[in-house]
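First to last, the sequence lines map onto chains A and B.
Taken in order, the first sequence gives residues 1 to 344; the numbers are from my numbering.
Taken in order, the second sequence gives residues 1 to 804; the numbers are from my numbering.
These are calculated hints, taken from the structure and not from any lab test.
This structure is a prediction, so every number in the text was calculated from the model and none was measured.
Glycine included, C-beta positions come from ideal geometry on N, C-alpha and C.
A couple of the hints might just be wrong.
[Stated by the list, open to error] So the derived label-pair ranges between C-beta atoms look like this:
{"no.": "1", "chain 1": "A", "residue 1": "Gln80", "chain 2": "B", "residue 2": "Glu741", "range": "52 to 60 Å"}
{"no.": "2", "chain 1": "B", "residue 1": "Ala723", "chain 2": "A", "residue 2": "Glu16", "range": "54 to 62 Å"}
{"no.": "3", "chain 1": "B", "residue 1": "Ser784", "chain 2": "A", "residue 2": "Leu99", "range": "31 to 39 Å"}
[What the hints assert, rightly or not] Residues of chain A clear of chain B, computed beta-carbon distances all greater than 12 Å:
{"no.": "4", "residue": "Glu76"}
{"no.": "5", "residue": "Asp159"}
{"no.": "6", "residue": "Asn241"}
[Said to hold, decoys possible] Footprint (simulated), chain B over chain A, 3 or more residues, beta carbon under 8 Å:
{"no.": "7", "region": "14 to 24"}
{"no.": "8", "region": "28 to 37"}
{"no.": "9", "region": "213 to 222"}
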Amino acid sequence: MNLKDQIESLGKEAVELIKKVESLDKLNSLRVEYLGKKGKLKTILKTLGKLSPEERKEIGQLANRIKEQIEDLIKEKEVQLKEKALEEELKKHKIDITLPSAWIEAGSSHPIISTLVEISQIFISMGFSVAEGPEVEKEEYNFDMLNIPKDHPARDMQDTFFLNNGDLLRTHTSPVQIRTMLTRKPPIAVIAPGRVYRKDADPTHSPMFHQIEGLLVDTDVTFTDLKGILKIFLESVFGKNVGIRFRPSYFPFTEPSAEVDISCTVCGGEGCRVCKGTGWLEILGCGMVDPNVFEAVSIDPEKYTGFAFGLGIERIAMLKYRINDIRLLFENDMRFNHQFKGIR
Amino acid sequence: MRVPYSWIKEFLDIDIPAEDVAQRLNETGIETVVEKFGKKVENSVVVKITSVKKHPERDKLLICEATDGKRKYQVVTAAKNVFEGAKVILAKVGARIKDLVIKPVKFGSVLSEGMFLSLEELGISEKAEGIFILPDDVKEGEDPNRLLGLGEEDIFEIEITPNRGDALSVRGLSREIGAVFGIKRKEKLPVVSIAQEEIPQIELLTEKAYRYRGVIIKGVTVKPSPFDIQLKLIKSGQNPINNIVDITNYILLQEGQPLHAFDLKKIEGGIKIRNAKKGEKIITLDGEERSLRPEDIVISDNSKVLAIAGIIGGENSKVDENTTDILLEAAVFDNISVRKTSKRLALSTESSYRFERGVDIENLPNAQDKAIELITKLADGEAFGEKDIYPDPYEPREIKLREKTTKRVLGFSISKEKAKQILERLEIPTQIVEDGTVSKIPAFRSMDLEREIDLVEEVGRLEGLNKAKETFPKIPVESFRKSEEFQFELRTRDFFKDSGFDEVVTYTFVDEEIYNILGIPVPPIRIKNYLLKTQSIMRDNLAVSLIKTLIHNLRFQNRDIKIFEISSVFFEEHEEIRTGMLATGKAVKGFNYTKGNRSFSTQISWDFLKLKGVIESYLKTLGFFDIQLRPSEKSYLNPYESAELFIEGQNVGYIGRIHPKKADILEIPKDVYISELKLRYVLRKLSDTAVEKEGYLFNLFKNRPLPVFKELPKFPSVKRDIAFEVDESVQVDKLLKAIKESSEHVGRVELFDVYYIDENRKSVAVSVDFRAEDRSLSDEEVNSIVKDMIESLKDKFKGLKLRT
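Excised from the complex, chain B in its bound form (with noise of 0.2 Å):
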């Protein structure tokens, strides 16, 4: 909301800098910077255009005469709502507009002498169509910068929080910063006379409309407003459009209190305040054409709909330049009504604005009565009749203000007689009782003070919460166990950081296309009102950001990538946090140096078996030893190069090389790797409890058996080197198991070398640790172990034999 300082001025006797008042009403709770009204611009004058003729080679071209009284001048314009008699300003020669100097310029054979300036160049508005044109009481030669106040006057940008309606207003503000001050807010109150001589008829069928007054006012003269209403909708941001509307809106903006004048001719029999019908349309003053439902709240008459109520009226009874009788509505709708409307419509207006945060039910009268002295005398109306339907009157709530609530909450104490002061300046009448204060609140802040917290903030905010004096509460003791969740991830983040990943955030939602190019459905969240259909989906996994990711970077030559990011994916009734990890390029960027030959290479790049070792490694560092691995049968893997991993019969995540053809489609490199782990449940239902939910790590780590401690070897082991030959589609992790559990006396088990032999048979060579824990093995004791261990594993595993 824009509020010229001069317009608060009328409501308060006030001569603070404009600076010292916005910086006040920030500390007391409404967000104001003061900014200058427009650029001063040097060399202009106020012109007044004597004839407008085509340029005579270039067509959508204007040469326009203009006087400023002494002299004369000739100004080429491209604008088309120049004509004669219209008051204008000129930027003469030698005046700045931005970073134009403006000089005498030659439009093919015609000079110009200047330029007429539209609101954008006089830094009144952002964007302007067309010159603006002064009002006719403006005189040329006139300095518009002295006119306009260019430059100098003040105007306070004010944001109001959705609570503080009652401040939409410059009656509102002045009320407010004359409670910030300390000064007393005066009004001088409309002299107004209305006759009895013909009555409005008007119905209110609905319980959503709080108070309804209309009043015919015949006679009018629908014409351009005076400079000084003009000006003031400008300064507030608003255009002029002709007396009536612009008595509305100076009164909208004034008192907050919304009006509509309708013209009386076009209105068929009464006025009904009412439900919309079913199939019910109306073209409003936007030009659209609207559907209505049951629950909105119309203005109509007997055949038609006026208006929406509280929020815009329609074509078919606008005043426009013709009307001569208007029926002018002043009204308070349901907060709850019009902003259902609204929103259903995307239609927001300043009226309707107002009407969601409160409305001044008792200023009512006085606000419509300001509007009609003004087009009695503007506009040469005459008050005919009025009807003011108010079926259920505001009643002050009773507010009790304790003072010890008020240092309960705040922590520091406010007596009763100063709480008194400070609700009073807001003109809010208070009694001091035994143990506080009590209030009788207004309508302007009923909707905002309801309870006796509400009090606390208002006398809190006043007396400034800025300035009082720290306190440290205690902290009440939790158990660190509480974080642990937080913990266990920022370990895993450790952990994959330290490996060399590089961390990332993604969004969560994604783009549907990329799981049909992997060849998985597409989860069942989606966003409905999405920015972008490529960011509609709410992922059910890491590697669909994680490929994307790599997508990007690829794009800038970057070939190496190593990321991970801990983050949540979503399904149906839960959501999880995982770990993901794609892997891609070289490993290892640095030399990799050989001491025998002394030579040096780059090529250390990653493969399955190495983003498998970072996996493992980082669940070894959580306790868990024995991964087993299953065969993936994720359509976008690799099917021989990927896996599903176990923990305790858990699926705790994958790991696995992207297909081939998935990397064609998405024209990525085939060498990527990639892995996700489960590593938490989040709970959506409060009912639902995440110590049940199986396969993720977190749980089984908090239910991990701490290492139990054993007696260190006593006796010496016997080392024995094994060679197997085994048919291809032996796992060698099995054979070693298998080897492992063969015998009492087997200790450690190192796989030293696997070689294919041929297509179908592989050599796995190991060493194997034998010992007892009560004596030295005798090597004939070794032996008739191996013997036997060939012999079990002979059973289990095809065409096993014993190297020699």
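Chain A with its partners taken away, still in its complex shape (with noise of 0.2 Å):
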């Protein structure tokens, strides 16, 4: 055999060997077996010595190819092994990927508290902003100056609770109103969320409960005002299709009052237990400012006319969630609470 057979024999000997290599070890002997100093390859062209220079440039040129060859090959089977040693170190740790997940669980929401700001976005995203007062709240606040005189029978309308220091748990929100009016000019728009406080417990009552109270004070502020306004934030809540009435009613520190029924949410209008077959459900009360009111916040009520509006945030909560006892809403029991994951 001459010498060009013989590398090009080698060359196919190596290439058929590296094919077959499966470990990296291996394919690195096979190296040093073939192209290492004391290699095969190294081995044949010592002889080279005794050529002819043309002969030598051309064995020179085939065994550079023959050597580009197997190395090409060797790194080509390089990355193939080393892909399949590191799937195998991959797989040897795989994991069952369905066990439950090591991170801490976002916590549930409270349908009230999730209730009380979705409204108070709305009316903020009106332009409302938030105004606040104290739970122990004056008897002046929470009602005289709300045109509820000490012995008047409106007082019955909320039965309320009494404090050893002289001042009472504010029977709803409406004192508010009278904080920012004392504090602010008009014109006011504000809405007051927070705890309200009334001397009944039964399955629609509880004795402490939430209010949203909203406030609008300017210079030809109208009842139709009220009504496009409540209109727009009940729409949001129960959905454009949603019912609106609007039924005269009482409050003394508004006149004229309404009491506002939306379509029962239940069964549309069709009447079910829930509306007790009205196809109504009272769902707030609002009205003008009463002059009087305006009167005792010095503020002028031939100048300015304003409207307000208060509601109870349970009732919308429970029949958003239908939920059928507000006791459930205060006992904080879990396997209640956990159903109220994901929302707001």
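Need the complex rebuilt from these two chains, each delivered in its own frame; the hints are there to steer you.
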């Protein structure tokens, strides 16, 4: 066999072996065996000196080509084997991806606060700002200045908790109207979300509950403006198709006053147990600020008019989530609370 | 208030279905529901009881013989009020009462062929004692359904708002319905003749009675009322008593004018309307002895109190079956005075209810005469004389309603012509003037219609608030800043929710007991008229409520709890908004996977440092990076695992583990961790200013400086790991701080190991970066900095040395 043939067959031999290799170690030893300093290719090339320069050049080029071919193949094989080794390593540490997660699970929202925040945000987006007042309130702010005189039957509308310090637990968020008007000049556009208290406890009444009060005072606020604002609000909460009904009513601090009903969210107005067959649900009270209230806070009723409204959060939350007993909202049994994950 | 539609029809020629009437009343401001009177009972008949005898075997049962005029029935009953001659309603075999079908039943040896019915079984009242005894003028054999209008007659169930005392009667409600539908009210005026033989002696000694008219009626026979009177009372939800009492109640319902009949023979001397004397007492008609005060108004004779004015009569002068002569009182008393006395005595009657809301002083004689007419007719009485004291007759006030006011308030116009029409339908005389109308307010609306705005409401509600088209106001642009507090709370809420805490809402009133258990003073603010003693203390921390919530959940085997609440706590002079957290059991429920050994565990439980981590993380989101901890002295916390939190020297809250002794008493786990943060101050006095109040995160948050950008380092840092040995008492936090402050070249300091060598010594290992702004530090320079640092630390920390 001449030198050329020897080199070519060496090349073929190496290619065959490399193709079959299955480990990086083996690949390395093949590299040494064929391409190393004492490797087979070098050994063959040692006889190169005996040849003529032309032949030497030709053989040299051939040897280089073969060498490169083997090197490329080894590189390629090396990549393959490393890939495979990694794959095996990963496979060895495979996990059951369906195991329960091991991170903190986000907590649940309370349906009352969630509803309160949702409603507040609607009014904030309309330009109202949030005002507040204390829950331990002066009788004066809770009643007298709201045109509910001491010995008036209107006081019976709200069963009051009285405190040992002579104050009371506010029965509604309306005293925030008074506090706001005493400290700010019109125009005023505020809402006042908060806890209120009445001496009442049964499946639909809790001695502590939440309200949102709204107040808009400016030079030309009208009852139809009130209707407009409440329409936007009710449609945002209950959907575009909700029926809305204004019924004249009486609140000492507004005149004219109205109660607002929406079409029953359960039966859609057909009449059911929730709406007691009427097709309507009482949802909030509202009206035009009574001039006596304006006078109590030194705002000129000939110059300004205003509207106010108040609504109970629990009732809306209960309708929204079909909760049938108000007491569940305050027990904080996690079997209840955890049902309200994923609400805002 | 229950009002039969048929009674309304005595005042109005109206043929509109009851449902439509109710709907229009609802739309114009009177909440109304229509109900049917009672329930129809098929196979029932009016019978007369012909004999009553005891059951031979059963003590509590009676055997009655009864007849409907055609046949006889034997009925066994447990009712005690049956008697021979009584007319009652019999449910015969086959009748259906609720879910029960009447069949012949044997009680012992005696067969019963039906059942006598009470008002309850007839669906008329919720609860009734005894069988319903019909008046004598009803004939046996009649069909009770037809007779009573069972299941047929429409009854309005009406809720009158406190301003509408004028509608608290059949007559008043008819006026309202008439106004709504534009139907003129009709009225049959009474025809009475009152002799001048015996003028009652009446002295008005108080300003709290505005009118008092007494009429002496003699020769009355007290007996049951005729059927139609009784039926009207029953339909209105009242129990018939006797003709005289029934007539006063009848007139009260029909006219809204309370009346009272005294037995004239029981009155000694003249009648005085006066203030009660100190220590005076009266036994009222409900059998209670009542102590009176000088501010109470009473009706008295020469020696005793006969009645509490406008509220209730006395036993000592009541009409009974032997009464022959009466003094019939019709009066109007001061609404506030009646209300005060009624409230104090916790005694509300049909009479006091109406006086509180205003009684039509001008209709008084008319109403009383109607009663006299009935008494003359039905009780054979004769009016002997009257006295009417009315010192200050009603003068109608004039109110002007400007067209422009209506428009300004309602947003839509109602012309003066239209306003006049509406007001006159309401029986308010009204004249048109240049810019509106002027009305003369009749007495029946004098309590309610005082100002122009009151008339705006009247015309508005009758014109229809519902149909007015919506408009949209321009809302004044207020700075968003004003909702900052709200947004701050939302941010807090989102943080704790996202950190895995469940939001709770607890009552702000709590039990005294938990304070005693926790060994902390019971807060000062209490509810005087609490519903439950366990809900009577206004809490001054959130921990008590969170612990209660935990206890509640432990009852349902829920051992892993992490909850938070943002709510109020109460102090003598102010309120605070806090956020409170409670965590116990597992912090993470899922699996923990360690790559090396492929092991899985669920043991990630809450501990002090984890809750502290949550709190610190929250504070960092608000921009608070420098938080100091000092040992807490709260009696309910484990003193070695608790801390008060300080920012800029202000106490902003605490964090800690429940004291094991308290945990034992409360029967809760010992690994309960609690934290509270003071978010905000809530003003109680308007003169107060929240901004000045210290220790609230919101104030600190608002005033915190904004971060100021610093150039990124240009030269690389040199990292050294250093291990110290220190006394156990050395606080790591302080050591880290001291390292950081030891040289301007110290950059990041990271703690990577702490362990206790023995009881008194611990090892603290840190990794420190050293750098200079203007060059790379050489090894020699760093060595020298470290050396200086160690020297300075040795001075500050007990027993500090370098570990080798």
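The hints, checked one at a time:
1. A:Gln80 / B:Glu741: 52 to 60 Å: 57 Å, holds
2. B:Ala723 / A:Glu16: 54 to 62 Å: Since the Cβ atoms of B:Ala723 and A:Glu16 sit about 59 Å apart, the hinted range of 54 to 62 Å holds.
3. B:Ser784 / A:Leu99: 31 to 39 Å: 53 Å, violated
4. Glu76: 31 Å, holds
5. Asp159: Non-interface label on A:Asp159 violated, nearest chain B Cβ at 9 Å vs cutoff 12 Å.
6. Asn241: The claim holds: A:Asn241 sits with its nearest Cβ about 16 Å from chain B, beyond 12 Å.
7. 14 to 24: violated (count 0)
8. 28 to 37: violated (count 0)
9. 213 to 222: holds (count 5)
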